[in-house]
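Asks: Protein sequence lines, in the order shown, are assigned to chains Y and R. Mapped onto this note's numbering, the consecutive letters of the first sequence carry residue numbers 1 to 95. Mapped onto this note's numbering, the consecutive letters of the second sequence carry residue numbers 1 to 470.
Worth flagging that the hints you see were computed from the coordinates, not collected in a lab. The structure displayed is predicted, hence computed values, not measured ones. In this text, a Cβ means the ideal position worked out from N, Cα and C, and glycines have one as well. Some hints here could point you the wrong way.
What the hints assert, rightly or not - Partial list, computed: chain Y residues near chain R (C-beta under 10 Å):
1. M1
2. I2
3. V10
4. R12
5. I40
6. D46
7. P49
8. H53
9. V54
10. L76
11. A77
12. D81
13. R88
14. S91
15. Q93
Unchecked claim - Per label pair, the in silico range of CB-to-CB distance:
16. R:A402 with Y:E5: 23 to 29 Å
17. Y:V48 with R:Q255: 20 to 26 Å
18. R:D256 with Y:D81: 47 to 53 Å
19. R:E20 with Y:H36: 53 to 59 Å
20. R:S36 with Y:E5: 51 to 57 Å
21. Y:L61 with R:K271: 47 to 53 Å
22. Y:P71 with R:G398: 44 to 50 Å
23. Y:E5 with R:D256: 35 to 41 Å
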Amino acid sequence: MIEREQVLHVARLSRLRLSEAEIERMTGELSGILEHVDRIGELDLDGVPPTDHVVALENVLRPDEPRPSWPREDVLAQAPDPAEGAFRVPSPQAD
Amino acid sequence: MAELLELTVAEAAAKIAAGEVSREEYFEAWRGAAASDELNAFLWRAERVANLDVEGPLAGIPVAIKDLFCTEGSETTAGSRILEGHRPLYTATAVRRLDEAGAMVLGKTNMDEFAMGSSNENSAYGPVLNPHDRGRVPGGSSGGSAAAVGGGLAPCAIGTDTGGSIRQPASLCGIVGLKPTYGAISRYGMIAFASSLDQCGPLTRDVTDAALLLAAMQGRDPCDSTSVGLQGGVRAPSGEDLKGLRFAVPVELAQDSFEPGVRAVFESTLKLIEGLGGEIAEVPLPHTEHGISAYYVIAPAEASSNLARYDGVRYGMRREGEGDLVEMYESTRAQGFGAEVKRRIMLGTYALSSGYYDAYYAQAQKVRTKIVEDYAAAFAEFDFVVTPTSPSVAFELGAKTADPLAMYMNDFFTVPMSLAGIPAISIPAGTAEPEGGGPQLPVGFQMAAPAFAEQRLLDTAFVLEGAIDG
Numbered sequence: 001m002i003e004r005e006q007v008l009h010v011a012r013l014s015r016l017r018l019s020e021a022e023i024e025r026m027t028g029e030l031s032g033i034l035e036h037v038d039r040i041g042e043l044d045l046d047g048v049p050p051t052d053h054v055v056a057l058e059n060v061l062r063p064d065e066p067r068p069s070w071p072r073e074d075v076l077a078q079a080p081d082p083a084e085g086a087f088r089v090p091s092p093q094a095d
Numbered sequence: 001m002a003e004l005l006e007l008t009v010a011e012a013a014a015k016i017a018a019g020e021v022s023r024e025e026y027f028e029a030w031r032g033a034a035a036s037d038e039l040n041a042f043l044w045r046a047e048r049v050a051n052l053d054v055e056g057p058l059a060g061i062p063v064a065i066k067d068l069f070c071t072e073g074s075e076t077t078a079g080s081r082i083l084e085g086h087r088p089l090y091t092a093t094a095v096r097r098l099d100e101a102g103a104m105v106l107g108k109t110n111m112d113e114f115a116m117g118s119s120n121e122n123s124a125y126g127p128v129l130n131p132h133d134r135g136r137v138p139g140g141s142s143g144g145s146a147a148a149v150g151g152g153l154a155p156c157a158i159g160t161d162t163g164g165s166i167r168q169p170a171s172l173c174g175i176v177g178l179k180p181t182y183g184a185i186s187r188y189g190m191i192a193f194a195s196s197l198d199q200c201g202p203l204t205r206d207v208t209d210a211a212l213l214l215a216a217m218q219g220r221d222p223c224d225s226t227s228v229g230l231q232g233g234v235r236a237p238s239g240e241d242l243k244g245l246r247f248a249v250p251v252e253l254a255q256d257s258f259e260p261g262v263r264a265v266f267e268s269t270l271k272l273i274e275g276l277g278g279e280i281a282e283v284p285l286p287h288t289e290h291g292i293s294a295y296y297v298i299a300p301a302e303a304s305s306n307l308a309r310y311d312g313v314r315y316g317m318r319r320e321g322e323g324d325l326v327e328m329y330e331s332t333r334a335q336g337f338g339a340e341v342k343r344r345i346m347l348g349t350y351a352l353s354s355g356y357y358d359a360y361y362a363q364a365q366k367v368r369t370k371i372v373e374d375y376a377a378a379f380a381e382f383d384f385v386v387t388p389t390s391p392s393v394a395f396e397l398g399a400k401t402a403d404p405l406a407m408y409m410n411d412f413f414t415v416p417m418s419l420a421g422i423p424a425i426s427i428p429a430g431t432a433e434p435e436g437g438g439p440q441l442p443v444g445f446q447m448a449a450p451a452f453a454e455q456r457l458l459d460t461a462f463v464l465e466g467a468i469d470g
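Please take these sequences and the hints and turn them into a complete structure.
Replies: Take a look at the structure:
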């Protein structure tokens, strides 16, 4: 089970603002999903190594050589609010 | 024109190479077909023939591209409102390799938002309809690609598969869908959902066409350090029979709940395999039943991290609030993401949060190890593991939207291979009536092989396909 307070906490961590209706629905839905998922907690997997990667890989190395990146103006053309050659954002600390 | 649309990709490529059909003529035929889309399969369509000078095995072949692949200069949304109008600065390696083989982009196809879904009802741009019954879903998340090929709107398509997103819609739309080994095709330029699971693959009318697209796309890419490619490449599939090949049916399948019509098609396909000389036996895969649980921890956890980049700063949508930077982030994400994406971000963030990491994420990665071991044990004795692709035929629009867990269960048969990183293919095996009645609808047959055994998988699927069609 997941409580409303946990939903609010996780929403804050996720940078998601949820409406009152979403909070209510999410509480019920996440509880239902977690109840199913919780079954893996009953498996005795002590000493089993977690999977890091499914295919055996060797480390891939290359020389660290500088090369051109995309032009600044092309990148900024995608930005919602470019200004003075940079990404403009609201102040981190509102008045 | 109409007869051009009947050709498989391999047949069309041969005619184009022989000069019997021009690239312009072939493109025009498919442009017309794509323009008649009544399934909401396409989000964007090419207007002009391209790539006329490139010679290659796919010269002149138009390909429908899932909108999860970045295409330089043309809109790429991943089915999300948050990327509406986004024009990437680069093209995904898989698409670039198709381009280098002479193919061209026919259009970008609709999909579940950020590839999260099994019905294509999670697209911000409306659901895709199943070409066999427009009241039903095409499956997902590559639903637009599957419906385009199944509905005769594209000769072939590519999609992505994280837990079944190529195989399940291929099954529901009556076409071939292949999820290659993790690492066979570069993920560069594929908008990330769950990076340890995401893999690109073809959706085609037949197995030969799937091999053609795989051959063009596979290979190591310096832009994706996890890509390794397929040693020796991929040949056109061939074979006469299935003598000497051993097929494992999971012993747990007897208890699994799936539609009687799907079971009947599955069993008749097993008989065909035996008729072709293949050997069938049951094998235990005891941890695959926990695949859904492990998957719905691992995939949302990775998604919650990958989707943190959509913050309204560098590209995509922004919604300003009255307040500070954090408020802008929260408003943008609240309005830019749909319900399923929010649900998975929440689930993943919860599973990774302090105090829950060991119980969920670490435990799920251990389950994953056990699933990898289950398959390794099976492949010590068998060449393939076979199951139905989906527990049901295409279901009605809206039938499962109110119950996320019921929707997740659509991936029951496809998720374990994704967790194990192994290749799996779904081929059309027949039709069945849905539980509760309705029209005859396609049923897929899934075969999984050891990592990097794509050629053997394709050869075997090719033989079986011939027997099913014959």
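Asks: Out of the numbered hints, which ones does the structure contradict?
Replies: Of the numbered hints given earlier, the structure breaks just one, which is hint 1.
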